[in-house]
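Trainee: In terms of our numbering, the sequence shown opens at residue 903 and continues consecutively.
You can take every hint at face value.
Derived DSSO-like pairs: lysine-lysine, alpha-carbon spacing no greater than 30 Å straight-line: (1) Lys1176 - Lys1193; (2) Lys1149 - Lys1209; (3) Lys968 - Lys956; (4) Lys1149 - Lys1193; (5) Lys1053 - Lys968; (6) Lys1176 - Lys967; (7) Lys1209 - Lys1199; (8) Lys1187 - Lys1199; (9) Lys1199 - Lys967; (10) Lys1053 - Lys1013; (11) Lys1053 - Lys931; (12) Lys1142 - Lys1199; (13) Lys1142 - Lys1176; (14) Lys1038 - Lys967; (15) Lys1038 - Lys999; (16) Lys1176 - Lys951; (17) Lys1176 - Lys1187; (18) Lys1199 - Lys968; (19) Lys1038 - Lys1056; (20) Lys1209 - Lys1142; (21) Lys1210 - Lys999; (22) Lys999 - Lys1176; (23) Lys931 - Lys1013; (24) Lys1013 - Lys951; (25) Lys968 - Lys931; (26) Lys1036 - Lys1013.
I should point out that these hints are in silico values taken from the structure, not numbers from a laboratory.
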Amino acid sequence: MKSKIVILIIVFWISILHSQSYQPTISSKNIWTTFECFSIGSIQTHEIKKVAIKGDTVIQGNNYKKTYSDTSFQFNFGISQYVCALRELNKKVYFVKSGDVNEYLLYDYSKNVNDTVSIYPFFLGYSNNLAVSKLKIDSIDFVTLNGIVRKRFKFNANSNFHMDEYWYEGIGSSFGILTPFLSVTDNSYTLLCSSKSDTVVYHNYNPSNFLCSAPPQNYNCNYPIINSVKSNTNRRSEIKVYPNPAKEHINVNVSFNELYDLVIENALGQRILKFTELTGNREVKVSYFDKGIYYLKITTGSGAVNKKIVIE
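Construct the entire structure; sequences and hints are all you get.
Mentor: Set out below in structure tokens:
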């Protein structure tokens, strides 16, 4: 009898250890949704941003996953912005920002309680040792999300306006996949949800914080993913862009009532401007653009139209 109990206990702990195996964070089947809040004085703005991975790339001999961001109501790879390349090795996640070739640490899941984690703030664009963010791991436990046991790291709030933050293996930071350690006086980031293979594995039902008292409205974690945008040549005649060449501004006149997104990129494919869910005509200021050739893309539910513009 005792031997059977001992065997059952051994089997139980083996199953627990197996279920607690490391969960990788970077996968082409993952998508993250973040609630971003910015506050300047009495003015407060909200934005819901989605991050997804599609395709591979090689930088300095290392293999990475190409990572894109989109702020429209659906994730549309056809109009999304390439923001960085990600790779994962030995329980660490690294990033190379768009337009750069240097690699920086984004996550380190190999650390233990009371260890200090040092990473580079992704969106602040810093690349020197003075800009490294450092926080101490206050506790580590395990949580079950969508039937999978994941290790959870907790970083307590400190005097530098950093709120309590959690890192989840296989998911990332409670501030958002690309924004760990990023919590300051005038902006905040909150992970709303994370999905893998069209299944929600993390969902924050109360995303309010010290800066954004009201949670965002009308969001969900189940939205369509569009892998490409077809060209809509029939709609080209319904869009007028002038003057072209331009110096101060351009006018975008449309003769349809459908919602549309407007994106302007330079000749290198770098995004300069993006407006979402527009209606009617739009005047766009371009006086601060460098002289050269740019590409304007208007996307609707029925396809996309591209226009070349010249800034003098």
